[in-house]
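J.: Produce the complete structure using the sequences and hints provided.
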Amino acid sequence: MSLRSSIIIQIRAEIFPSPLNLHNITNAFARHNVHIKYCIIFDCHVHIPSAEKPTLTLTQDPEYDVMFAGEAVTFSCAISVQSAWTYLWYKDGSKVTGSSDKLKVQIRGTADQGSYTCKATRGQNPAFITDSSEAKQLKVQRDKVFRKSAVNSHEV
279 MSLRSSIIIQ
289 IRAEIFPSPL
299 NLHNITNAFA
309 RHNVHIKYCI
319 IFDCHVHIPS
329 AEKPTLTLTQ
339 DPEYDVMFAG
349 EAVTFSCAIS
359 VQSAWTYLWY
369 KDGSKVTGSS
379 DKLKVQIRGT
389 ADQGSYTCKA
399 TRGQNPAFIT
409 DSSEAKQLKV
419 QRDKVFRKSA
429 VNSHEV
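Mapping of the sequence shown onto this note's numbering: residues 279 to 434, in sequence order.
Among the clues, some could well be false.
In silico DSS-like pairs for lysine-lysine, Cα to Cα no more than 25 Å straight-line [as the list claims (entries may be wrong)]:
hint, residue 1, residue 2
1, LYS380, LYS369
2, LYS373, LYS422
3, LYS397, LYS331
4, LYS382, LYS397
5, LYS380, LYS414
6, LYS369, LYS331
7, LYS414, LYS397
8, LYS397, LYS422
Calculated directly from the structure, the hints in this document are not laboratory data.
Predicted model, so just to flag it, every value in this text is computed and none were measured.
T.: Written out as structure tokens, the structure reads:
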């Protein structure tokens, strides 16, 4: 995983009164009749790496250009970073049922045709969600058409 950027958080910690700081603070506020009992400032360094977003690869099995009613197709969503992912599936931009890395579609008719994509998510409050995969277009025809080859009558 390559690092794209990082966030650095710095917090400083000191406890007053220390002899040097107390003297400077007391002199600064002396004419206002201010008395400082104590003050705490924290100093911490935190480095949070920010990585590239994981990418998704969507595949279709079988990879036929046209599917027919009664057949089944399986879409698989692979992610470039391994972890505990839950998958989100979409057809024509609307969410469909499924949370594993595979979505099996039993084709009933042309209503199953459309553009299929996936996303992956993990964590909560808020969850991390990847960008969408590239779409796979599923084309469906109602009935299989078998074409008979013409037999030349003068061939034996």
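J.: Are any of the numbered hints broken by this structure? If so, which, sorted upward?
T.: Those not satisfied are hints 2 and 8.
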